[in-house]
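K.L.:
What follows is each chain in one-letter form.
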Amino acid sequence: MTRHTYLCPMRWADMDAYGHINNTVYLAYLEQARIDAFFTRARGQGLEGLATGIVVAEHQIRYKRPISFAPQPLRIELWVSQIRAASYTADYEIWDESTGTPLLATTARSLLAPFDMAAGRLRRFTPQEREFLEECRDDD
Amino acid sequence: MPHRYDVAVRWSDEDRLGHVNNSRYLTFTEDARLSWLADSPSGNSVIILARTEIDFARPVHFVAGGALVVQTSVLSVSRSSLRLRQDVFHPGDLTSDTTSERAQAAARTEHVLVCYDYERQCSRPWDEQERAWLHRWIAGESS
Chain C
0 MTRHTYLCPM RWADMDAYGH INNTVYLAYL EQARIDAFFT RARGQGLEGL
50 ATGIVVAEHQ IRYKRPISFA PQPLRIELWV SQIRAASYTA DYEIWDESTG
100 TPLLATTARS LLAPFDMAAG RLRRFTPQER EFLEECRDDD
Chain W
0 MPHRYDVAVR WSDEDRLGHV NNSRYLTFTE DARLSWLADS PSGNSVIILA
50 RTEIDFARPV HFVAGGALVV QTSVLSVSRS SLRLRQDVFH PGDLTSDTTS
100 ERAQAAARTE HVLVCYDYER QCSRPWDEQE RAWLHRWIAG ESS
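Note that the protein sequences, when read in sequence, are chains C and W. Here numbering that gives the first Met the number 0 is used: the first residue of the first sequence is 0, the next is one more, and so on. Here numbering that gives the first Met the number 0 is used: the first residue of the second sequence is 0, the next is one more, and so on.
Chain W on its own, in the form it takes in the complex:
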């Protein structure tokens, strides 16, 4: 099961053209990552973002009281990095059929995150606890 995070869209997220601006999606997925990592063995302060890809599939409007959902799952884990999928949905587009569900996402994102020591300012390998925790979130693997 992917991790689920609810995003409160702000009125100011919409730009002049009446859609939530593309730059906001990075903030949505960032907050979802921080929530996801809060329960990890080392918390959310050992990760740095190395690469992001975003596909904007459907426009999003601000709706008073409305929210978006970010679903996060791990695609693969390497020695000191991981590939992460984070899809952004209107809640009404989430279905129980996860294979077709991705097609309904408003935005599909993939990231490369590196295990990072901020004090020494360099990357390091995942330790065994971190690796085991990350593997639980691999899409398609049982938790």
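Same shape as in the complex, but just chain C:
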């Protein structure tokens, strides 16, 4: 399968006094990419737990180049790199295309886990959920 691409609009207020997108805001960008990739598609296949029952266990973000606010959205590529019984790993690249030449601004990785909201505890993926996640791997 292939990576998911999400065009992420920035907000002027995402910048801080240095004139760059603040490091904490990137988490909102990664989150929106995950929501764009999973919410509608997972729901459409009846996998509500993948849409609304996932929590973040860990984030890593490598800030390679600063990003300044521009009307042009960032291009976020997202794929699944590892699937375990009770967690999966999402990998991301954030590309800045505001100058016309695509520049890799950021790489990131998240560890995500299915959570039973009603019971208030972590759970395991169902076979159908694992199958869905398998389709999100990057085989390129």
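Worth flagging that the hints you see were computed from the coordinates, not collected in a lab. Among the clues, some could well be false.
[Said to hold, decoys possible] So these bits of chain W aren't anywhere near chain C, every CB distance computed over 12 angstroms:
{"id": "1", "residue": "Arg9"}
{"id": "2", "residue": "Leu25"}
{"id": "3", "residue": "Ser72"}
{"id": "4", "residue": "Asp92"}
{"id": "5", "residue": "Ser122"}
[Unchecked claim] Interface residues of chain C toward chain W, partial, derived using beta-carbon atoms under 10 angstroms:
{"id": "6", "residue": "Ala12"}
{"id": "7", "residue": "Ala16"}
{"id": "8", "residue": "Gln31"}
{"id": "9", "residue": "Asp35"}
{"id": "10", "residue": "Pro70"}
{"id": "11", "residue": "Arg74"}
[Said to hold, decoys possible] Between beta-carbon pairs, the in silico distance windows are:
{"id": "12", "chain 1": "C", "residue 1": "Arg123", "chain 2": "W", "residue 2": "Gly17", "range": "20 to 30 angstroms"}
{"id": "13", "chain 1": "W", "residue 1": "Arg15", "chain 2": "C", "residue 2": "Leu103", "range": "41 to 51 angstroms"}
{"id": "14", "chain 1": "C", "residue 1": "Glu134", "chain 2": "W", "residue 2": "Phe55", "range": "33 to 43 angstroms"}
{"id": "15", "chain 1": "W", "residue 1": "Arg135", "chain 2": "C", "residue 2": "His58", "range": "44 to 54 angstroms"}
Glycine residues also receive a C-beta, built at the ideal position from the N, C-alpha and C atoms.
Take the given structure of chain C and dock chain W to it, following the hints.
P.N.:
Quick look at chain W alone, frame taken from chain C:
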């Protein structure tokens, strides 16, 4: 015709109570203002916000792939300030009848913006080019 700007609502804009939080609306209208001013003679770096009023009429939820629309128009222009109206809509609530349309807005906002010299840290009067450009956006005046 008012200026139109499309806002991408983020999942994190919704708060614990399941509605887009009130504080986010200032960011939506701010980005709409910056887009509107980008084509003005002096760009968007000569303005400072002096006052804001917001009426929250209808709650807004995050919808994946969904967006809001901000319509911006000028109410009046003074020597060194202006009054701005910015209404926030669900796209489906925009109609061709602008007189009744305002009633459908999710939020209605009005702002006072001052012409500001950030280097000298003080206000200044609009110049003739800026004034003429702003007048084109007065609601009800022909452009």
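K.L.:
Hint by hint, say whether it matches the structure.
P.N.:
Hints versus structure:
1. Arg9: Given that some Cβ of chain C is not farther than 12 angstroms from that of arginine 9 of chain W, nearest at about 6 angstroms, it is violated.
2. Leu25: Contrary to the label, leucine 25 of chain W does not stay out of reach of chain C, its closest Cβ about 8 angstroms off (not over 12 angstroms).
3. Ser72: 20 angstroms, holds
4. Asp92: Aspartate 92 of chain W is indeed farther than 12 angstroms from all Cβ atoms of chain C, at 21 angstroms.
5. Ser122: Consistent with the label, serine 122 of chain W stays out of reach of chain C, its closest Cβ about 21 angstroms off (over 12 angstroms).
6. Ala12: 5 angstroms, holds
7. Ala16: Since chain W brings no Cβ nearer than about 13 angstroms to alanine 16 of chain C, farther than 10 angstroms, the hint is violated.
8. Gln31: At about 6 angstroms, which falls below the 10 angstroms cut-off, the nearest Cβ of chain W leaves the hint on glutamine 31 of chain C intact, so it holds.
9. Asp35: Nearest chain W Cβ about 7 angstroms off; hint holds.
10. Pro70: Where the cut-off is 10 angstroms and the nearest Cβ of chain W is about 7 angstroms from proline 70 of chain C, the hint holds.
11. Arg74: Since the shortest Cβ distance to chain W is 14 angstroms, the answer is violated.
12. C:Arg123 x W:Gly17: 20 to 30 angstroms: For glycine 17 of chain W against arginine 123 of chain C, whose Cβ atoms are near 28 angstroms apart, the range 20 to 30 angstroms holds.
13. W:Arg15 x C:Leu103: 41 to 51 angstroms: 36 angstroms, violated
14. C:Glu134 x W:Phe55: 33 to 43 angstroms: 41 angstroms, holds
15. W:Arg135 x C:His58: 44 to 54 angstroms: This hint holds: roughly 47 angstroms between Cβ atoms.
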